[in-house]
Amino acid sequence: MNAAVTPPAAPVSLKLANIVQDYPAPGGSGTNRVVEDVSLAYEGPGINMLLGPSGCGKSTLLRMMGGVRPNEVPTPTTGLIEIDGKRCDGAHEDVVTVFQRYANRPDLSVFENVAMPFRFKLWRERVDRAEATKRVRETIAAVGLSDKERMLPAQLSGGQNQRVALARALVLQPRILLMDEPFAALDAQTRGDMQELLVGLFTRQPCLVVFVTHDVTEAMVLGDRVTVLSSQPGRIADDFRIDAARPRSELWLRSTEGVAMQQRILTQLHQSAGHGRVAVSV
Amino acid sequence: MSDRDTLWNPYSPLGARERRMLGVGAVLFVLAAWAVVSATELVGPNRLPAPWSVAHALIVLAWDGEQQRSLLLTATAWSLMRVLCAGLLVIAIGLPIGVLMGAAPRINAALSPLIDPFRSAPVVALLPILVMWLGIGEWMKIVFLFIGAVVYLIPMVRDAMQAVPQAYWVSARDIGATPWECIRQSVLPIAMPRIFDGVIVAVSVMWTYITVAEYINAQEGLGQLIQNARRFSAMDQVFAGIIVIMALALISYQLMRYARQRMYPWETAQ
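Listed in order, the protein sequences are those of chains Z and C. First residue of the first sequence: 1, per the working numbering; consecutive thereafter. First residue of the second sequence: 1001, per the working numbering; consecutive thereafter.
Just chain C, with the same shape it has in the complex (with noise of 0.2 Å):
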């Protein structure tokens, strides 16, 4: 086998090692590409700052020993409070109407027209109308990271019901079960690998949203830590709230994928 065969092959394994050395060494890369560019000076510091200056940035945030408090970690705290928030609200109000639209065609016929083009509309645009509606305070910011991450959940939690094959229904409505004795027991139970994956995205889709809700009077937050920034056009802090944000959204990720894994070890088995 050639080279060319492995390397086009969209099927042959690859080893954690080749895998974890090819991801450090592409981000490896990217920091020296970026360090060159800064060195030069290709691209001036008020454009892109050198990633020693972020990095600088990132440790002033973190500990700011002037006035003995790290603004990262208050931040990050808040920011955090919210998601968790609107996670809560979005599992609690999304997770039960998608249920409903999997398991009853005619509730989806309803309610698909009132959500799904909201996937595809601009929810940051609904941000005045909810400032004007609920006010500048925190649950404007809730409901706006609620808005924004039920519209995926919702349909998600339905394509996994509809994902479940029908034999299961017709196998348990054979034996006894009331269609929702059938939907409790056999089509919900195999579509919770999915419906997960679905919270998985909706928790992804606040962290990119999380900026934008912090966006309008916000005290604190990593939303309004880069808002400040800019500001002041401290570009380095731009940068490091960018990369906490990103980093904070990996590791809860992360940790949700650990976390399906143990909870439904069967389904990557089947």
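Just chain Z, same shape as in the assembly (with noise of 0.2 Å):
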């Protein structure tokens, strides 16, 4: 079978150093700290998660990864971000962000918008037409989306639109995916298909995810590695690897084994200062 992305080529390591963000209050003086010290280390392939209450700093630490500055307000703070053990600060080509809000271009069809990067000048100098429409075509099979090549946004489901965001991401074959909540806006049936997918993606071609949620569940049946963040300021609780094989059936979350890791990352979120939420849906 062809596979959209090849494998990466070389290892791949984002680092993260005693990273502190801070954001001007709102309404005026002073500042709010947001993410107190957090250092991470990530080394080859793997699904990290990152999870935490809302507010906790999660999305703010991986629109630093992403080197993506919406607000233009500077970040980190303080701190250092390294790629490959280069120091990093702005946007990385070999980084790619899938948001929960998919921002599909209403007016394209399916197929123009997971070719959306290649009208950029950045990847029209790197990957020729023939290439391109060959690499989007694949990638739209491998989401499963190749009987709707031409249908608009409006004409797609939920589920189907963060696909399509999705193929537009893994078109770049980036080496570091980031993924930002990508699965929360769905319902929890086509949520359950997304992980499946994104299990199927991964394991074809393996790739560096830093994988941001605030679903327990969701952490434990899609991460090698949890990251549990207390909120305000965002620190790290706890950081575990999980070594149980995917895809992880219903009975794992069920089993002894599962159902401790649940009350583990449930006490280390309750013992946090934060009164984020965090949702639970097994």
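Hints are not guaranteed to be accurate.
Chain C stretches covered by chain Z per the calculated footprint, using a threshold of three residues with CB under 8 Å from any CB of chain Z [to be verified]:
| # | stretch |
| --- | --- |
| 1 | 1167–1173 |
| 2 | 1180–1191 |
| 3 | 1260–1267 |
Just the calculated beta-carbon pair ranges, DEER-fashion [as the list claims (entries may be wrong)]:
| # | chain 1 | residue 1 | chain 2 | residue 2 | range |
| --- | --- | --- | --- | --- | --- |
| 4 | Z | Q155 | C | A1167 | 18 to 26 Å |
| 5 | C | R1019 | Z | Q155 | 24 to 32 Å |
| 6 | Z | Q155 | C | W1034 | 30 to 38 Å |
| 7 | C | P1117 | Z | T78 | 41 to 49 Å |
| 8 | Z | P247 | C | P1113 | 37 to 45 Å |
| 9 | Z | E131 | C | P1265 | 31 to 39 Å |
| 10 | C | Q1162 | Z | Q155 | 23 to 31 Å |
| 11 | C | N1009 | Z | G30 | 43 to 51 Å |
| 12 | C | A1110 | Z | T267 | 53 to 61 Å |
| 13 | C | I1136 | Z | E125 | 50 to 58 Å |
| 14 | Z | N32 | C | A1167 | 21 to 29 Å |
Far from chain Z, by Cβ distances over 12 Å, these chain C residues were calculated [claimed, not checked]:
| # | residue |
| --- | --- |
| 15 | D1005 |
| 16 | N1009 |
| 17 | P1013 |
| 18 | L1028 |
| 19 | V1037 |
| 20 | L1042 |
| 21 | I1093 |
| 22 | N1108 |
| 23 | L1114 |
| 24 | V1244 |
| 25 | L1250 |
No lab work stands behind these hints, which were simulated from the structure alone. We put the CB at the ideal spot given by N, CA and C, even for glycine.
Join these two chains into a complex; the hints should help.
Given below as structure tokens:
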């Protein structure tokens, strides 16, 4: 079978060192500390979950890794981000993000939306037309939308739209894939399908995934590694590996190991000072 | 459900047939009331010409058998040309300015105090100034229409750009677009339907200003036609001229609405 994304040739690493982030306090003077001294090191392919309640700074951390600064506040305030051992501030072409808001252009077809990056000079220069078209076709097939290539986003469901956004990221064959609560707005059934799809895509073309979620179950179903963040300001409360093979069944979630892990995560979340909400959907 | 429930419900669906009947009915009612007022001479013909006089005036203006010409057609052609010229100018100049203002908050901050006040200012008061600067020729009329409309278009284009959710910009930036590529490929295409709305408003504004534009030294045009009729106290012709301008404005509005639907079918589907 044709792989839409070739396995990464070089090993990849992503490192965050002593990250602190302050944002200007709303309505005037002073600052709010959102992230307090977070250090994380990711090495090689794997699905790494960043789990925490709303407002714990997990999305802020993800934005830093992606080099996206939507509000032009300098990020991080202090600390260092390294990709492959090289200091990185600003957008990096090896890193692509999938957002909760899939942002598909309503006037373009599924095919054109997935091919969007090749309209930009950066990718036009790197990937020739024929290769781009081939990649787009294959990636659309990989996310299961081959029969909908000509459709407009308004004709698709929320889950299908998120598949388009995922394909638009994967078509660039990123070595690092960031996911910012991509399935949070979907219904439970669709969310399950999307998690399954992601595991399938990852198995075929492993890369370094950092996946932000507030859903404990999602973290347990997907993660090779789960980092639990406390909130306000965000600190690392817990960090552990899950070795169970994917796909992880309902049965595994209800096993002694699964229940114990869930208990461990919930205890950490409740101990942390924050008052944000955490979803458990077992 | 009682009738009251469907009457006072902003969301209750209305069939095309019922909507048309209500619209036509209201127009007919006003015409009938007008006819009654004229027939009973409740208001004299000097103040309010009878509907049949206006209809007659329309026919005479449309085809003058003695002189073998149509005053109305020539006047309409001239007014249409002026609106068209000014409209092209408005789009060619107003659109890029609005896009720049919508794309860069600094440009917006600098230009909006220069442009926004004109929306509430009496643009008509500019006419004497324009006459002093540009004389009483064709340029003065077109520039007047241009100013009157462009001050509406520019803020609407800017607002259309700013209304595009930031998610589009962020996601395009993330996959390596330069800021201008984001604007060109993400923000602008999504803002287009609302920008088109701005053009529709601009054209409507020009139709309301056309009589003023043709107030001074126009040899031809609907405004001149009305002006001329007023001088000879031909109230029926004044009314006929106004009706023609309203009809033209309505037709161009409907045409542009149709074009918008054809050009951006995805917008209503969202």
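Hint check results:
{"no.": "1", "hint": "1167–1173", "in the structure": "holds (count 7)"}
{"no.": "2", "hint": "1180–1191", "in the structure": "holds (count 5)"}
{"no.": "3", "hint": "1260–1267", "in the structure": "holds (count 3)"}
{"no.": "4", "hint": "Z:Q155 x C:A1167: 18 to 26 Å", "in the structure": "holds (20 Å)"}
{"no.": "5", "hint": "C:R1019 x Z:Q155: 24 to 32 Å", "in the structure": "holds (28 Å)"}
{"no.": "6", "hint": "Z:Q155 x C:W1034: 30 to 38 Å", "in the structure": "violated (50 Å)"}
{"no.": "7", "hint": "C:P1117 x Z:T78: 41 to 49 Å", "in the structure": "holds (45 Å)"}
{"no.": "8", "hint": "Z:P247 x C:P1113: 37 to 45 Å", "in the structure": "violated (60 Å)"}
{"no.": "9", "hint": "Z:E131 x C:P1265: 31 to 39 Å", "in the structure": "holds (32 Å)"}
{"no.": "10", "hint": "C:Q1162 x Z:Q155: 23 to 31 Å", "in the structure": "holds (28 Å)"}
{"no.": "11", "hint": "C:N1009 x Z:G30: 43 to 51 Å", "in the structure": "holds (49 Å)"}
{"no.": "12", "hint": "C:A1110 x Z:T267: 53 to 61 Å", "in the structure": "holds (55 Å)"}
{"no.": "13", "hint": "C:I1136 x Z:E125: 50 to 58 Å", "in the structure": "holds (56 Å)"}
{"no.": "14", "hint": "Z:N32 x C:A1167: 21 to 29 Å", "in the structure": "holds (23 Å)"}
{"no.": "15", "hint": "D1005", "in the structure": "holds (32 Å)"}
{"no.": "16", "hint": "N1009", "in the structure": "holds (27 Å)"}
{"no.": "17", "hint": "P1013", "in the structure": "holds (21 Å)"}
{"no.": "18", "hint": "L1028", "in the structure": "holds (40 Å)"}
{"no.": "19", "hint": "V1037", "in the structure": "holds (51 Å)"}
{"no.": "20", "hint": "L1042", "in the structure": "holds (55 Å)"}
{"no.": "21", "hint": "I1093", "in the structure": "holds (26 Å)"}
{"no.": "22", "hint": "N1108", "in the structure": "holds (15 Å)"}
{"no.": "23", "hint": "L1114", "in the structure": "holds (25 Å)"}
{"no.": "24", "hint": "V1244", "in the structure": "holds (37 Å)"}
{"no.": "25", "hint": "L1250", "in the structure": "holds (29 Å)"}
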